[in-house]
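Chemist: Each chain, letter by letter, is given below.
Number of protein chains: 2
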Amino acid sequence: MELDKIKAVDTLSLVDKVEHELMQYFKENNYKPGDPIAKELDLCDALGVSRTVVREALLRLRTLGFIDSKKHKGMTFKEPDIINNFERIMDPTLLGQKTLKSLFELRLILEMGMADFLFEYKTQEDLDELEEIVRLEEETSYDKTAFELNKEIAFHGKLYKISKNTTLQRFHGLLLPVFEYLYQQEEFTKNSTYEYTAGQFVSHRMLLNNLKVGTPETFRGAMRRHLEPHFDRAFFKKKRT
Amino acid sequence: MELDKIKAVDTLSLVDKVEHELMQYFKENNYKPGDPIAKELDLCDALGVSRTVVREALLRLRTLGFIDSKKHKGMTFKEPDIINNFERIMDPTLLGQKTLKSLFELRLILEMGMADFLFEYKTQEDLDELEEIVRLEEETSYDKTAFELNKEIAFHGKLYKISKNTTLQRFHGLLLPVFEYLYQQEEFTKNSTYEYTAGQFVSHRMLLNNLKVGTPETFRGAMRRHLEPHFDRAFFKKKRT
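The listed protein sequences correspond, in order, to chains G and A.
Letter by letter, the first sequence follows residues 31 to 271 in the numbering used here.
Letter by letter, the second sequence follows residues 31 to 271 in the numbering used here.
Excised from the complex, chain G in its bound form (with noise of 0.2 Å):
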């Protein structure tokens, strides 16, 4: 017996191919969202498989997106949230270690990489914003290099309202209890505050300047040297007293 030329095995469930199915004839057939789909009863009869299983398939397409159904209204097709699936399971308790070091590593990552987006898109409304974030901030800081969390939040945040991306703020948003949990966890309180190698530490003011009048290449390297203490602990140098 020549194993090298043995089919392998269909180990799909019906389930597995039901949902494959489906969505292949959705795609062929180019469904457009508010496109109706046909009953459970005839999908089984033209599938050739029980009802059980189409439900359990019509189920997963719903969990994931692809299918609104309303009581009495029948279901439709629909476009997927793409940060929806992803909102229900960013949880950080229920997230590993690993998972949660690579996330925050993709917030510097992102934050680094928006200042062309920054640039395009910002507003004298969105800079007075900011302004008016960092005159807040400025006035109940004492210590300008302590981290504090929720300010941090509002002042980040904005930025990543400015990158117009939508999918951005959202992946943010969702991110943000991923960020708190990991402050929480570890000695990212506002207690500690870290030790630049050498020169001067930039502020949210000093980057508001920057995007005022700076380019995105002057941003960026603004930036690399506000997140550095998170840098150094993404990449485990450790200064933090």
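By construction, these hints were calculated from the structure, which means they are not laboratory data.
The reader is advised that the hints may include incorrect statements.
[Said to hold, decoys possible] Simulated crosslink set (DSS-like; lysine-lysine; CA at most 27 Å straight-line):
no., chain 1, residue 1, chain 2, residue 2
1, A, K128, G, K100
2, G, K131, A, K69
3, A, K188, G, K267
4, A, K57, G, K128
5, A, K188, G, K188
6, A, K47, G, K103
7, A, K47, G, K131
8, A, K128, G, K191
9, A, K131, G, K194
10, G, K47, A, K100
11, G, K242, G, K188
[Said to hold, decoys possible] Computed list of chain A residues with no C-beta within reach of chain G, every gap over 10 Å:
no., residue
12, N60
13, G64
14, E70
15, G95
16, D98
17, D121
18, A145
19, D156
20, L157
21, R165
22, N195
23, T197
24, K242
25, P246
26, E247
[Said to hold, decoys possible] Residues on chain G that point at chain A, a partial pick, calculated with CB under 8 Å:
no., residue
27, V83
28, E86
29, T93
30, E150
31, G187
32, T196
33, V243
34, E247
35, D262
36, F265
Each residue gets a CB set at the ideal place from its N, CA and C atoms; glycine is no exception.
For chain G, the structure is supplied; the task is to place chain A on it using the hints.
Modeler: Then chain A, alone, in the frame of chain G:
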């Protein structure tokens, strides 16, 4: 009647409530991957709802990746794979134009933002591999500014790998079909060349040299220049001929 004191009616379905209740239970009891989950019938009793409702809620959690269930072995809890959910819905033919644009932008942001990780984790082996990718590319390219998707993927895909961030790598993997689709859809073919504003085009060869002897700062500058056609496209500044 004082309407500000009236309580909003609970409009969640029974299945929603059971899903929520189960998630709360897992969190409060600090469930870890592999922990067994009670049987359907026991859950029905404890929650006071029908088997159909429990079954549907469990199916949802299974689809989201919180529950593993093998035949004759019962259900166990698992850490959801944050990318797997994304993967299942990331089909460019089923996503709207706005979502596709935001994903395209996200790629630019990630590649601009990952420089520090590349310099932190690069090894001689990585550089050798990139060297080989660039060598092959140069051997088969006539016009170095022409865009060829497969060469892009080889080079940039390797950069994602060097970042050592598995979430980022897998995210890039599932964005690939989106990029392919966008390039096919629009004028980004290998026959179209991009007119650079002024000065030198930054090739993969130059990015590689930068990664060898430069810094994250110089690399970001080079990458920005390399990605210029894509940024111009994102900002609707078309300079293609």
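Chemist: Taking the closest Cβ pair, is T196(G) under 8 Å from chain A?
Modeler: 6 Å, holds
Chemist: Against the 27 Å threshold, does the CA-CA distance of K128(A) and K191(G) hold or violate the hint?
Modeler: Status holds; Cα separation ~16 Å.
Chemist: Can you confirm whether the C-alpha distance between K128(A) and K100(G) stays at or below 27 Å?
Modeler: 26 Å, holds
Chemist: Far enough from chain G: is every CB of that chain over 10 Å from the CB of R165(A)?
Modeler: 28 Å, holds
Chemist: Can we keep the V83(G) interface hint, with Cβ of chain A closer than 8 Å?
Modeler: Check failed: Cβ of V83(G) comes no nearer than 12 Å to chain A, outside 8 Å.
Chemist: Looking at D156(A) again, its CB stays over 10 Å from all of chain G?
Modeler: 17 Å, holds
Chemist: Would the least Cβ to Cβ distance between D121(A) and chain G come out above 10 Å?
Modeler: With a cut-off of 10 Å, D121(A) comes too close to chain G, as the shortest Cβ separation is near 7 Å.
Chemist: Compare the distance between the alpha carbons of K188(A) and K267(G) with 27 Å, and conclude whether the hinted pair is satisfied.
Modeler: 25 Å, holds
Chemist: Would T197(A) pass as off the interface with chain G, using Cβ distances and a cut of 10 Å?
Modeler: T197(A) not clear of chain G: closest Cβ-Cβ about 4 Å, inside 10 Å.
Chemist: Per the CB criterion, is F265(G) less than 8 Å away from chain A?
Modeler: 5 Å, holds
Chemist: Tell me if the straight-line CA distance from K188(A) to K188(G) falls inside 27 Å.
Modeler: Given pair K188(A), K188(G) is violated - Cα atoms ~32 Å apart, limit 27 Å.
Chemist: Mind checking the CB of D262(G) against every CB in chain A and telling me if the closest is under 8 Å?
Modeler: 11 Å, violated
In this structure, the earlier hints numbered 2, 5, 7, 12, 15, 17, 18, 22, 23, 25, 26, 27, 31, 33 and 35 are contradicted, and the remaining ones agree with it.
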